[in-house]
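K.L.:
Residue-level listing of the chains:
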Amino acid sequence: LISCYRKPKTKRAKRFLEKREPKLNENTKNAMLIKGGNANLTVTEVLKDIYAVKKPFAVLYKRKNITRPFEDQTSLEFFSKKSDCSLFLFGSHNKKRPNNLIIGRMFDYHVLDMIELGIEKFVALKDIKNSKCPEGTKPMLVFAGDMFDVNEEYRRLKSLLIDFFRGPTVPNIRLAGLEYVLHFTAVDGKIYMRSYKVLLKKSGCKIPRIELEEMGPSLDLVMRRTHLASDDLYKLSLKQPKGLKPKKKKNISHDALGTTYGRIHMQKQDLSKLQTRKMKGLKKRPAEKSAQDGGATPKKLKSA
Amino acid sequence: MAAVRVEAVLAAAEEQEAEKRRSITVEKELELEYDLGNLLAVDRNPPPAAALRGAGPRREALLRALARDNTQLLVSRLWELPAERAGGAGGPLVAQLPEPTFRLPREKPAPKPRPPTRWEQFARLKGIRRKKKTSLVWDEQAKEWRRRWGYRRAGGDPSRAWLAEVPAGADPEEDQFARLRREKRERVARNELNRLRNLARAHRAGSAVPAAPLHPTGHQDRDELRRVARVARVSTASLGRFQPRLPKEPAEPPSRSGGKKRRFQPLLGNLAAERSRQLELLRDMGSKKPVLDITRAVNKQLRQEEAEAAAANKGKKQSKRGKRGRRQQRPGRSGKKSGARRQPQQQKPAGGGRRK
Numbered sequence: 001l002i003s004c005y006r007k008p009k010t011k012r013a014k015r016f017l018e019k020r021e022p023k024l025n026e027n028t029k030n031a032m033l034i035k036g037g038n039a040n041l042t043v044t045e046v047l048k049d050i051y052a053v054k055k056p057f058a059v060l061y062k063r064k065n066i067t068r069p070f071e072d073q074t075s076l077e078f079f080s081k082k083s084d085c086s087l088f089l090f091g092s093h094n095k096k097r098p099n100n101l102i103i104g105r106m107f108d109y110h111v112l113d114m115i116e117l118g119i120e121k122f123v124a125l126k127d128i129k130n131s132k133c134p135e136g137t138k139p140m141l142v143f144a145g146d147m148f149d150v151n152e153e154y155r156r157l158k159s160l161l162i163d164f165f166r167g168p169t170v171p172n173i174r175l176a177g178l179e180y181v182l183h184f185t186a187v188d189g190k191i192y193m194r195s196y197k198v199l200l201k202k203s204g205c206k207i208p209r210i211e212l213e214e215m216g217p218s219l220d221l222v223m224r225r226t227h228l229a230s231d232d233l234y235k236l237s238l239k240q241p242k243g244l245k246p247k248k249k250k251n252i253s254h255d256a257l258g259t260t261y262g263r264i265h266m267q268k269q270d271l272s273k274l275q276t277r278k279m280k281g282l283k284k285r286p287a288e289k290s291a292q293d294g295g296a297t298p299k300k301l302k303s304a
Numbered sequence: 001m002a003a004v005r006v007e008a009v010l011a012a013a014e015e016q017e018a019e020k021r022r023s024i025t026v027e028k029e030l031e032l033e034y035d036l037g038n039l040l041a042v043d044r045n046p047p048p049a050a051a052l053r054g055a056g057p058r059r060e061a062l063l064r065a066l067a068r069d070n071t072q073l074l075v076s077r078l079w080e081l082p083a084e085r086a087g088g089a090g091g092p093l094v095a096q097l098p099e100p101t102f103r104l105p106r107e108k109p110a111p112k113p114r115p116p117t118r119w120e121q122f123a124r125l126k127g128i129r130r131k132k133k134t135s136l137v138w139d140e141q142a143k144e145w146r147r148r149w150g151y152r153r154a155g156g157d158p159s160r161a162w163l164a165e166v167p168a169g170a171d172p173e174e175d176q177f178a179r180l181r182r183e184k185r186e187r188v189a190r191n192e193l194n195r196l197r198n199l200a201r202a203h204r205a206g207s208a209v210p211a212a213p214l215h216p217t218g219h220q221d222r223d224e225l226r227r228v229a230r231v232a233r234v235s236t237a238s239l240g241r242f243q244p245r246l247p248k249e250p251a252e253p254p255s256r257s258g259g260k261k262r263r264f265q266p267l268l269g270n271l272a273a274e275r276s277r278q279l280e281l282l283r284d285m286g287s288k289k290p291v292l293d294i295t296r297a298v299n300k301q302l303r304q305e306e307a308e309a310a311a312a313n314k315g316k317k318q319s320k321r322g323k324r325g326r327r328q329q330r331p332g333r334s335g336k337k338s339g340a341r342r343q344p345q346q347q348k349p350a351g352g353g354r355r356k
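From first to last, the protein sequence lines stand for chains A and B. In terms of UniProt numbering, the first sequence has 213 at position 213, counting the first letter as 1, and numbering is strictly consecutive. In terms of UniProt numbering, the second sequence has 157 at position 157, counting the first letter as 1, and numbering is strictly consecutive.
Some residues of chain A that are not near chain B, with every Cβ distance over 12 Å (derived):
id: 1; residue: ARG12
id: 2; residue: LYS55
id: 3; residue: ASN65
id: 4; residue: LYS96
id: 5; residue: GLU116
id: 6; residue: LYS126
id: 7; residue: LYS250
id: 8; residue: ALA256
id: 9; residue: MET266
id: 10; residue: GLN275
id: 11; residue: MET279
DSBU-like, lysine-lysine: derived pairs with alpha carbons at most 35 Å apart:
id: 12; chain 1: A; residue 1: LYS247; chain 2: B; residue 2: LYS126
id: 13; chain 1: B; residue 1: LYS133; chain 2: A; residue 2: LYS19
id: 14; chain 1: B; residue 1: LYS112; chain 2: A; residue 2: LYS250
id: 15; chain 1: B; residue 1: LYS132; chain 2: A; residue 2: LYS7
id: 16; chain 1: B; residue 1: LYS132; chain 2: A; residue 2: LYS247
id: 17; chain 1: A; residue 1: LYS23; chain 2: B; residue 2: LYS126
id: 18; chain 1: B; residue 1: LYS184; chain 2: A; residue 2: LYS11
id: 19; chain 1: A; residue 1: LYS19; chain 2: B; residue 2: LYS112
id: 20; chain 1: B; residue 1: LYS112; chain 2: A; residue 2: LYS14
id: 21; chain 1: A; residue 1: LYS19; chain 2: B; residue 2: LYS132
id: 22; chain 1: B; residue 1: LYS126; chain 2: A; residue 2: LYS250
id: 23; chain 1: A; residue 1: LYS82; chain 2: B; residue 2: LYS108
id: 24; chain 1: A; residue 1: LYS129; chain 2: B; residue 2: LYS20
id: 25; chain 1: A; residue 1: LYS9; chain 2: B; residue 2: LYS132
id: 26; chain 1: B; residue 1: LYS108; chain 2: A; residue 2: LYS247
id: 27; chain 1: B; residue 1: LYS108; chain 2: A; residue 2: LYS48
id: 28; chain 1: A; residue 1: LYS7; chain 2: B; residue 2: LYS131
id: 29; chain 1: B; residue 1: LYS112; chain 2: A; residue 2: LYS55
id: 30; chain 1: A; residue 1: LYS81; chain 2: B; residue 2: LYS108
id: 31; chain 1: A; residue 1: LYS249; chain 2: B; residue 2: LYS132
id: 32; chain 1: B; residue 1: LYS108; chain 2: A; residue 2: LYS245
id: 33; chain 1: A; residue 1: LYS247; chain 2: B; residue 2: LYS112
id: 34; chain 1: B; residue 1: LYS126; chain 2: A; residue 2: LYS249
id: 35; chain 1: B; residue 1: LYS112; chain 2: A; residue 2: LYS235
id: 36; chain 1: A; residue 1: LYS9; chain 2: B; residue 2: LYS108
id: 37; chain 1: A; residue 1: LYS242; chain 2: B; residue 2: LYS133
id: 38; chain 1: A; residue 1: LYS249; chain 2: B; residue 2: LYS131
Calculated directly from the structure, the hints in this document are not laboratory data. Treat the numbers as computed from the prediction; the structure is a model and nothing was measured. Quick reminder that beta carbons are idealized off the backbone N, C-alpha and C, glycines included.
Required output: the full structure, derived from the provided sequences and hints.
P.N.:
Have a look at this one:
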């Protein structure tokens, strides 16, 4: 590999390469939004809106790229390698497939899954005139409909959508900042994606009452072609390295009732030489002591 | 009387609570599945398909109601998480999210640890550990602490060295400065070569034996050439039996058995060989000298033990006594064996040696 024998000469280059190398805990996935050779207004608007939702973990390519992802994946893989993006959204339009959107992800810079969706209806961010939530908010994701579990292709689509819109993984979250929710409903062979702004209203108790206000892009999608990864490649991509598993604390066990038990390992103790509380009455008299030791007492005898 | 009033009061309080809770409770047939680490909720209930078929504002209203219910359930769950006030009493309420449970594929495969270099293998075998060096060294001439190497190093700038002593056995006409420069260049080149060799070995180890057996540009190493030469010799019609060898090439015995360790001679073969073999056997049985070479055996054992000990103590703390101290501490050494230990220096190590 070129990267093996050509070492970076500056610290900046080294940091750049370190950011891109495979790690135990990975970075947040970046998405690239690409326009096809004949993208129309709808498709461009969709890409722009999704870019607004996914900022800063997305790159929007301005120029049109004449490729067909389902036939030839090399140019997509090249872009992915150059910009270090593992998710992509490719929009195009032609007579046979109007308002086409291909959503996909990569594993090791090679295409893993690709699903082609057709846009039936689209309402843009700028069409709904109200205040929007700040850029970079982590959205709440809700999937409704049994199709997302029954059908294999819908299951992969669900996984893809979660991967796409998830955002960075955080340990804590500000409860008042849960402002954005993306709701996907699968009904009748169609997928309705709606985005709402969450308003937390006072209720009598601690948990607030939720009111939703329509904001943001809303799409009506229909599933067209799919290119899903084979089972073993998918399993390989799901494999997590061993270092990620939390280390078990040994010698601690929990009861069903919630009691925690600990185990202590002791060496063999000489019970006759144990140090217990001093009870003056039980102290050995000098006569008894000399009888036990056989007359050879190394210490001074105390008078009882 | 008082009891009845108390009950009435309690019932009224309960009803008030229920009234309050009604605003945030949602009735669902099937419970939702939550992945709070990803802020994800999955609703398995089949949505009302008939109602959603008709386009228009009615559908939007239905979708919105569905979304509101699901979001309410998700937010209730999130609010139940352990929360604390970040940044003191007046700060925002922050909840601690659990680890995400939904399995998503990775971006890149997991990193593989790189194989050890030739020096690292040797050090592990011998039990050599890294000596921690101080970053600053006392420079006597400058009377201050200077770096060990780099900008303003302790020994002064080597490129401005104005004196180069002629060593004892050297040619007096030789240019010493040129010699120093040449040696430095050679050292750097050797280092670079070893680094690339280590890299190539690591790369080769990671990707199994390459399909093309010989490197095309002529930079082959010894084992590769040996392997390829052997394959070429054996790939003749008579499987290499009549191939001429180079003057100093050792004659390889034709292992027609293909690697079987023990082969028996044919029953009716060379009578003279059989006779001499039997006589030798009798002679060895009759002589008093032991057939087993104690020193060689002990050597082999020592080397094996050393390797095992180094491998076992890899993680544990090793004593600071060093090689000699550790050797003397080994238990159960009989007098005969420790006596034999003095001799190994002159003899070659038993067994494998430098075979790769």
